[in-house]
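So the protein lines, in turn, are chains A and B.
All you need for this note's numbering is the position in the first sequence, starting with 1, plus 1240.
All you need for this note's numbering is the position in the second sequence, starting with 1, plus 3.
Hints were generated in silico from the structure; no laboratory data involved.
Positions of the beta carbon are idealized from the N, C-alpha and C atoms, including for glycine.
Wrong hints could be hidden among the right ones.
[Unchecked claim] Stretch-level coverage of chain B by chain A, calculated; a stretch enters the list once three of its residues show a Cβ under 8 Å from a Cβ in chain A:
{"id": "1", "region": "18 to 31"}
{"id": "2", "region": "66 to 77"}
{"id": "3", "region": "103 to 111"}
[Claimed, not checked] Derived lysine to aspartate or glutamate pairs resembling EDC-like cross-links, with alpha carbons at most 16 Å apart:
{"id": "4", "chain 1": "A", "residue 1": "Lys1308", "chain 2": "A", "residue 2": "Asp1245"}
{"id": "5", "chain 1": "B", "residue 1": "Lys44", "chain 2": "A", "residue 2": "Glu1254"}
{"id": "6", "chain 1": "B", "residue 1": "Lys39", "chain 2": "A", "residue 2": "Glu1281"}
[Unchecked claim] Partial chain B-side listing against chain A, Cβ under 10 Å, derived:
{"id": "7", "residue": "Val7"}
{"id": "8", "residue": "Glu47"}
{"id": "9", "residue": "Leu48"}
{"id": "10", "residue": "Thr58"}
{"id": "11", "residue": "Glu59"}
{"id": "12", "residue": "Thr114"}
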Amino acid sequence: GQNIDQPTEMTATEGAIVQINCTYQTSGFNGLFWYQQHAGEAPTFLSYNVLDGLEEKGRFSSFLSRSKGYSYLLLKELQMKDSASYLCAAEGYGAGNNRKLIWGLGTSLAVNP
Amino acid sequence: ETGVTQTPRHLVMGMTNKKSLKCEQHLGHNAMYWYKQSAKKPLELMFVYNFKEQTENNSVPSRFSPECPNSSHLFLHLHTLQPEDSALYLCASSARATGDTQYFGPGTRLTVL
Chain A
1241 GQNIDQPTEM
1251 TATEGAIVQI
1261 NCTYQTSGFN
1271 GLFWYQQHAG
1281 EAPTFLSYNV
1291 LDGLEEKGRF
1301 SSFLSRSKGY
1311 SYLLLKELQM
1321 KDSASYLCAA
1331 EGYGAGNNRK
1341 LIWGLGTSLA
1351 VNP
Chain B
4 ETGVTQTPRH
14 LVMGMTNKKS
24 LKCEQHLGHN
34 AMYWYKQSAK
44 KPLELMFVYN
54 FKEQTENNSV
64 PSRFSPECPN
74 SSHLFLHLHT
84 LQPEDSALYL
94 CASSARATGD
104 TQYFGPGTRL
114 TVL
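Here chain A stands alone, though its shape is the one from the complex (with noise of 0.2 Å):
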């Protein structure tokens, strides 16, 4: 089956450095995207990686490897307002082999003080 894997919550402090980890399973691989969602809100792209590797865009980064299924989103100097849900989606086939998205579960990131 298509799923995608990343965890629930997440706490971190002000000023520190989180990494948010995805795997993933799809029918077919095109690219993975991660979209952050603060409460209430539309979700708002972040990145986009098609191929294997970092991509550095301010004070978050995308790593990607297609081998091993595998994405993280890094945020540093995190700041309150990055507390939101951070959603992985991996880029697969669906039925009647149309592009779709295989969307996560979100993970619930805390920003402390």
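Starting from the structure of chain A, add chain B where the hints point.
For chain B alone, kept in the frame of chain A given last:
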């Protein structure tokens, strides 16, 4: 970010009511999506439209009826819903239906009594 708008933001309806959710995107995208987000569950893709044509229906009950009159507008018509249909309904759009980043609207919080 007002690229994707949704109305209403909140909706309470009885099981015998008929209502519609509206989504509009101002990004010039060609693909639009309806998702259902429930607590403790991953995002569930309901429908996909690509260039106004429905390309995916993930076994959604017929009490949910989508309509896409043009690439900028998407509706979800609701009738005879059940209490378990209470959830956050998110609309998203992307440039194409394959591999492109999806941009989400703020969602409609639906409560079915």
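We went through each hint and held it up to the structure:
Residue count for the region 18 to 31 of chain B with a Cβ under 8 Å from a Cβ of chain A: 0. That is fewer than the three needed, and the coverage hint is violated. Chain A is given as covering the region 66 to 77 of chain B, and this is violated because 0 residues of the stretch bring a CB closer than 8 Å to a CB of that chain, at least three being needed. A count of 7 residues in the region 103 to 111 of chain B with a Cβ less than 8 Å from any Cβ of chain A is obtained; the coverage claim is therefore met, three being the minimum. A hinted pair counts as satisfied when its Cα atoms are at most 16 Å apart, and Lys1308 of chain A with Asp1245 of chain A qualifies at roughly 13 Å.
Restraint check for Lys44 of chain B and Glu1254 of chain A: the C-alpha separation of about 28 Å exceeds 16 Å, so the hint is violated. Pair hint Lys39 of chain B plus Glu1281 of chain A holds up; C-alpha atoms about 14 Å apart against a cutoff of 16 Å. Taking 10 Å as the C-beta contact cut-off toward chain A, the hint placing Val7 of chain B at the interface holds, the least distance being around 8 Å. Of the supplied interface hints, the one on Glu47 of chain B holds, with its beta-carbon coming within about 8 Å of a beta-carbon of chain A, less than 10 Å.
A distance limit of 10 Å between C-beta atoms decides the matter here; for Leu48 of chain B the minimum to chain A is near 6 Å, and the interface restraint holds. The criterion of a C-beta within 10 Å of any C-beta in chain A is met by Thr58 of chain B, whose closest approach is roughly 6 Å, and the hint holds. Nearest Cβ of chain A to the Cβ of Glu59 of chain B: about 6 Å, under the 10 Å cut. The hint holds. For Thr114 of chain B, the suggested interface contact is broken, since its CB lies about 14 Å from the closest CB of chain A, more than 10 Å.
Violated hints, in rising order: 1, 2, 5 and 12; the structure is consistent with all others.
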